[in-house]
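Undergrad: As you go down the protein sequences, you meet chains A and B in turn. Residue 1006 is where the first sequence starts when you use this note's numbering, and the numbers rise one by one after that. Residue 1006 is where the second sequence starts when you use this note's numbering, and the numbers rise one by one after that.
Don't read these hints as lab results, they were simulated from the structure. Mixed in with the good hints there might be a few duds.
Each pair may be met inside one copy or between any two copies, as identical chains are not told apart.
[Claimed, not checked] Derived EDC-like pairs (lysine to aspartate or glutamate); straight-line CA-CA distance at most 20 Å:
| id | residue 1 | residue 2 |
| --- | --- | --- |
| 1 | Lys1255 | Glu1266 |
| 2 | Lys1115 | Glu1131 |
| 3 | Lys1115 | Glu1310 |
| 4 | Lys1058 | Glu1032 |
| 5 | Lys1299 | Glu1131 |
There are 2 protein chains.
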Amino acid sequence: MPSIKTVVATLATTTAIGLSSAVVAQEYTIGVSIPAATHGWTGGVNYHAEEAKERLEALYPDIEITISTAGTPGEQANDLEDLVSLRNIDALVVLPFESGPLTDPVRRVKESGVFVTVVDRGLTEEGIEDLYVAGNNHELGRVSGEYIRERLDGEGDIVVLRGIPTVIDDERVEGFQEAIEGSDVNILDMQHANWNRDDGFEVMQDYLSRFDNIDAVWAQDDDIALGVIEAVRQADREDELFIVGGAGMKDIIKRVMEGDELVPVDVLYPPAMIATAMDLTVQHFVSNGPVLGKYILGSPLITEENAEQYYFPDSPF
Amino acid sequence: MPSIKTVVATLATTTAIGLSSAVVAQEYTIGVSIPAATHGWTGGVNYHAEEAKERLEALYPDIEITISTAGTPGEQANDLEDLVSLRNIDALVVLPFESGPLTDPVRRVKESGVFVTVVDRGLTEEGIEDLYVAGNNHELGRVSGEYIRERLDGEGDIVVLRGIPTVIDDERVEGFQEAIEGSDVNILDMQHANWNRDDGFEVMQDYLSRFDNIDAVWAQDDDIALGVIEAVRQADREDELFIVGGAGMKDIIKRVMEGDELVPVDVLYPPAMIATAMDLTVQHFVSNGPVLGKYILGSPLITEENAEQYYFPDSPF
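Next up, chain A with everything else stripped away, as it sits in the complex (with noise of 0.2 Å):
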């Protein structure tokens, strides 16, 4: 059923090849709800998205962008029948807060019309969002994996910490392990620590008590990656070893940059991937240019020489 969003996304759609220009006061209201900053990715999540709207704003004068925060899925749920019913919402973007409670909320603001990004952790069905935006899980893993077996020149003993349990750890373990099969890099053990700082500080202290050399340690993830850094720094094994964690936290990515012989690289799975999903979802509204799809970012290895250009130093992460 054409709302009258549709035709006012016609019209601008119109206006914006240049059809008509009579028509250009339009104004469209995009709703973004993500997780509160409750812990330091969607720290950066939050940070990304209030640039990305100031950025937007100022660029287009008829886009007013709102952003909600929710600390559970149940409160992100609320947020978006407001977003629908008190802010007459044209397009969504939403970074669920969990995959299960939060697809039938997405698909109720679908049905009324809605434009819908989804970014991140996709919804338990297919094909209710306009546009997915996400990470690519199985690239973190394998660019990991093929940094630790061209480091170690294919032989070595190391170490890996999980995430929690989940697709995404999974996809990425995969990558990780595609990636060393067949050399004779050998993996000591595999523990879950949970994308977690203390986790990751006690499964390392744990390797560290059994293992007497250990060559290398992939912790997935750059908060796991404090852990492991404050344990080996305290059993005093720093010229052992080089770590290898995961998203392009600004703690591990100065570190990147000043040459820290323990954590070389980092590997990217961007906070920064919701300013991404809220420029194409603009776009929908003023290119020519198609947006519905999927947009499967990549996982790039970030080095000494590059990792000036994901550094953000106002970051909370």
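We have chain A; now place chain B onto it with these hints.
TA: Then chain B, alone, in the frame of chain A:
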């Protein structure tokens, strides 16, 4: 090796995120290399590239976009060299004439430090480009098959016209066959009509002479569909069947908008994807969101209800 361009790009990113406002007059040149408008779809590519250039240059005074069109792969390879050596581009958006002959020339552009976006036709080697933007051929086939299956209530005799024998054509046909699998939709014959109007006319004439009853035609492509429409009209069998094309040609979209019973729907594979690629390439310089990765556009069903948003009456295609 970080070139001056990389430094400029880094400065710009810094500027965009508000760290320095002293350096804003930086200028970026983006080269766009596309095939000349030799047939309908590339005509649309040319139109949408020009539209996007106009829109983006108006929006960003510090960005210059230069479009080169080539009549042969060799000419396009020369264009790429010129864009780097004469225009000193910071980024390249390229829709390769053919994958094979353009892979080395695009690699050389990348090696010179330029950000590279490849559109529609992938290179023969992975990992050269920073960003890949393309349509979804499997989905185009699947969506077409689902529509025909549903329209025929799961039962009927159809004919299929294939494109030029390529991976693109294979993926489309695979998606189509998966969608009708398990139904009583029966494919009477499949012949190549090479995404060409005249071939579409000839193949369809042959089908019409051989089969007394045809319930639907999957033409896969709007150029083919035009030939099919002509053959059906000459045989005076318009009331017997309906035709599903693909791409989003304006003549076909217009029929869909007007409720033409012979061509009730179309499936999107838009030449406007060049504009999407140009938008994203610009974002690499101005956004806090990351851009590199793979962007696979959706192939939605175009119906009487939503056709207007895909209708560009000023485009040649």
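Undergrad: Each hint should be assessed against the structure and marked as holding or not.
TA: Here's how the hints hold up against the structure:
1. Lys1255 with Glu1266: within (17 Å within a copy, 59 Å between copies)
2. Lys1115 with Glu1131: This pair counts as within: shortest intra-copy Cα distance 13 Å, inter-copy 36 Å.
3. Lys1115 with Glu1310: Cα proximity of Lys1115 and Glu1310: across copies only (16 Å, versus 43 Å in one copy).
4. Lys1058 with Glu1032: The answer is within: 15 Å in one copy meets 20 Å, while 23 Å across copies does not.
5. Lys1299 with Glu1131: both (12 Å within a copy, 19 Å between copies)
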